[in-house]
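Q: Here are the chains, one letter per residue:
There are 2 protein chains.
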Amino acid sequence: MANFGFIKRQTKDFINIDPLQTGGKLTEEARKALIEWGDGYSVCDFCGGRLEEIKRPPIYNLVNEALPDFLNCDFTRLTNGAREAKFAVMHALRRDDAWVVIDSNAHYSTYVAAERAGLNIAEVPNTGYPDFEMRAEKYAETIEDTKKKGNIVLAVLTYPDGNYGNLPDAEKVSQICHEYSIPLLLNCAYAIGRMPINAKQLGADFVVGSGHKSMASAGPIGVLGFNKEYSKNLTRKSEKYKVKEVEFLGCTARGVTVMTLIASFPHLIERIKRWDEEVDKARWFSKKMEEMDIIQLGDKPHNHDLMFFESKGLYEISKKAKGGRYFLYKELKKRRIHGIKAGLTKNFKLSTYMVEKGQLEIVLGAFREIFEKYS
Amino acid sequence: MANFGFIKRQTKDFINIDPLQTGGKLTEEARKALIEWGDGYSVCDFCGGRLEEIKRPPIYNLVNEALPDFLNCDFTRLTNGAREAKFAVMHALRRDDAWVVIDSNAHYSTYVAAERAGLNIAEVPNTGYPDFEMRAEKYAETIEDTKKKGNIVLAVLTYPDGNYGNLPDAEKVSQICHEYSIPLLLNCAYAIGRMPINAKQLGADFVVGSGHKSMASAGPIGVLGFNKEYSKNLTRKSEKYKVKEVEFLGCTARGVTVMTLIASFPHLIERIKRWDEEVDKARWFSKKMEEMDIIQLGDKPHNHDLMFFESKGLYEISKKAKGGRYFLYKELKKRRIHGIKAGLTKNFKLSTYMVEKGQLEIVLGAFREIFEKYS
Numbered sequence: 002m003a004n005f006g007f008i009k010r011q012t013k014d015f016i017n018i019d020p021l022q023t024g025g026k027l028t029e030e031a032r033k034a035l036i037e038w039g040d041g042y043s044v045c046d047f048c049g050g051r052l053e054e055i056k057r058p059p060i061y062n063l064v065n066e067a068l069p070d071f072l073n074c075d076f077t078r079l080t081n082g083a084r085e086a087k088f089a090v091m092h093a094l095r096r097d098d099a100w101v102v103i104d105s106n107a108h109y110s111t112y113v114a115a116e117r118a119g120l121n122i123a124e125v126p127n128t129g130y131p132d133f134e135m136r137a138e139k140y141a142e143t144i145e146d147t148k149k150k151g152n153i154v155l156a157v158l159t160y161p162d163g164n165y166g167n168l169p170d171a172e173k174v175s176q177i178c179h180e181y182s183i184p185l186l187l188n189c190a191y192a193i194g195r196m197p198i199n200a201k202q203l204g205a206d207f208v209v210g211s212g213h214k215s216m217a218s219a220g221p222i223g224v225l226g227f228n229k230e231y232s233k234n235l236t237r238k239s240e241k242y243k244v245k246e247v248e249f250l251g252c253t254a255r256g257v258t259v260m261t262l263i264a265s266f267p268h269l270i271e272r273i274k275r276w277d278e279e280v281d282k283a284r285w286f287s288k289k290m291e292e293m294d295i296i297q298l299g300d301k302p303h304n305h306d307l308m309f310f311e312s313k314g315l316y317e318i319s320k321k322a323k324g325g326r327y328f329l330y331k332e333l334k335k336r337r338i339h340g341i342k343a344g345l346t347k348n349f350k351l352s353t354y355m356v357e358k359g360q361l362e363i364v365l366g367a368f369r370e371i372f373e374k375y376s
Numbered sequence: 002m003a004n005f006g007f008i009k010r011q012t013k014d015f016i017n018i019d020p021l022q023t024g025g026k027l028t029e030e031a032r033k034a035l036i037e038w039g040d041g042y043s044v045c046d047f048c049g050g051r052l053e054e055i056k057r058p059p060i061y062n063l064v065n066e067a068l069p070d071f072l073n074c075d076f077t078r079l080t081n082g083a084r085e086a087k088f089a090v091m092h093a094l095r096r097d098d099a100w101v102v103i104d105s106n107a108h109y110s111t112y113v114a115a116e117r118a119g120l121n122i123a124e125v126p127n128t129g130y131p132d133f134e135m136r137a138e139k140y141a142e143t144i145e146d147t148k149k150k151g152n153i154v155l156a157v158l159t160y161p162d163g164n165y166g167n168l169p170d171a172e173k174v175s176q177i178c179h180e181y182s183i184p185l186l187l188n189c190a191y192a193i194g195r196m197p198i199n200a201k202q203l204g205a206d207f208v209v210g211s212g213h214k215s216m217a218s219a220g221p222i223g224v225l226g227f228n229k230e231y232s233k234n235l236t237r238k239s240e241k242y243k244v245k246e247v248e249f250l251g252c253t254a255r256g257v258t259v260m261t262l263i264a265s266f267p268h269l270i271e272r273i274k275r276w277d278e279e280v281d282k283a284r285w286f287s288k289k290m291e292e293m294d295i296i297q298l299g300d301k302p303h304n305h306d307l308m309f310f311e312s313k314g315l316y317e318i319s320k321k322a323k324g325g326r327y328f329l330y331k332e333l334k335k336r337r338i339h340g341i342k343a344g345l346t347k348n349f350k351l352s353t354y355m356v357e358k359g360q361l362e363i364v365l366g367a368f369r370e371i372f373e374k375y376s
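For the protein sequence lines, the chains are A and B, in the order given. Just so we're aligned, residue 2 is where the first sequence starts under this note's numbering, counting upward by one. Just so we're aligned, residue 2 is where the second sequence starts under this note's numbering, counting upward by one.
Since the hints were derived computationally from the structure, they do not count as laboratory data. Warning: the hint list may mix true and false statements.
Note that the list lumps identical chains together, so a pair holds whenever it fits in one copy or between two copies.
Stated by the list, open to error - List of simulated lysine-lysine pairs, DSS-like, C-alpha gap at most 27 Å: (1) Lys335 <-> Lys139; (2) Lys150 <-> Lys274; (3) Lys33 <-> Lys13; (4) Lys173 <-> Lys334; (5) Lys150 <-> Lys243; (6) Lys243 <-> Lys347; (7) Lys313 <-> Lys229; (8) Lys321 <-> Lys358; (9) Lys301 <-> Lys321.
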């Protein structure tokens, strides 16, 4: 049992460029909320029967006012994460032998959620190396092919995807889907809380966000926005317990996670206004990496802080270096830089979101030093 | 937006007898873990692809060693809560037009999970007022009736239930279910982390626990224990992403909640050894309440800290008192006592778990004062 109890986090004070983590770093307010509301079920002090109806603390206001406004959609619900939100939608819309159309840049959890919901999956191909672009017209082709096989109940587009950080033309994909009367779900796990997302303008019937990924919240928590057309499917009530919503098992993020989201919310509203600066910084970083022959794949110029790089140089070094393919991880760790997956050298992703330029200079300097050391 | 940001918890320093909350109060270690691991996705620093395989922090050890040992079952998984665990089991076992048999003392979320899984629900009746006992032989009757209507894929027993805190004869229910080849799920949301639970000895095929309810953890998090017979159903892998388990959408409690569970785990192992003292204290409290004509319903003598009371006296007072049926809540609030639902007087539940005897004396004194004031 020596193993358990309080455990230190090794990477806590490192420069963090892990795409999973840059947008989930807590605000000071959220850190205070953790301690204030950490005890299990603390948010239920004054519950009248359903999480989203709790007025003290103001979960009601968050779900029924602030989030619909933030996302420009009719309704929102809290979920236990983005994947749980996708599953809720797929499960609510599922029919036997039906199909879901998803982009081939989708996160694995989109695929797994569809499998769990018992849907057949048709993948829309991307353009392949080096852009991996999702083109709207490919949705039309895939839909045409798939509708011969069965009923399509949903299309999913990842906005942006978690590999290349590509932002596809969601409006155009939405138009195509709607021509076929197929609702569109936008997976915005890397967007909501980082950049402005306007569900109605993008033509999304459903939008999905992740608190721990992009909303400065402790995990797991997600948000689901949807329009009234699909509200009946999603908010179906229990036959016996009239206030409980079946698809959300009554209540979802019933704990401290929602209090960190509430604590960080004013900050999110402010930070999405500075999205252009984040994009500029990402482009600057990409340019500096390319000066070292570390090539950024995906959208170019890039429109998001999540970037995928390819480096033949680092790969060559890894063949001879002590530590083999772990050499890069070790060199970065020595410099207290966290976020590039251990063992990767040829292809890796990172995020510059909310990382100060001075810290990014240190990261760039580290790559320069590494090349010099092994040249 | 003035509404959001950091919010104080009004009841934080109150004497807390809320059944939802007494077992979820964090340990000091868990409070430290909150700050150390609060950032979103912090536990994924060294992830190889699945939450339960992470060795740093020791989630692997928790799920694959400590929890199976703690519960005496073959396998465990983390979930986003007890209801999500019940849904996972029901969803994994579901068939079209099939049935689940549940006790009529079940938590609403058991019912809602079954509805979400598309199962028909047959309820096993309790004995009614004043004991509300679940008798094992009633399972046989309900199963006999139900199997005429269709396939029964699962039986559920709540151990103890969340209304009366009754601990039914699980072994006997299990024997009956197994005679019909029906697997039994024990919902131990009010047991695991409070009292010793031995899944194999109780004859449970599945056991479900709640971190935020009874395991001194921040929410939402739950645990699911199961035996190898059902492991194939529950741990089915994605066809495309070979390490991802479909029924858990890849990963479940992927955040700070699991770190509070790990931090509190050594404490849980110790505290369940003192369960007898908790039962003695509950019985003592019940006796003192009955001296004031506040009658405890359910099992008697009682075997759990969660107790349901009936008071005709308080109900009579509420008819005339200022504040009407809210008078009791207000009187208790004035004395900084939290946990009896606002508006209740005639029937209410409370928990004495981990509440010091001195604090319970204050609660008893409060009831005495209230009776005197309004007599």
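Q: Hint by hint, where does the structure go against what was stated? Just the numbers, ascending.
A: 1, 2, 4, 7, 8, 9
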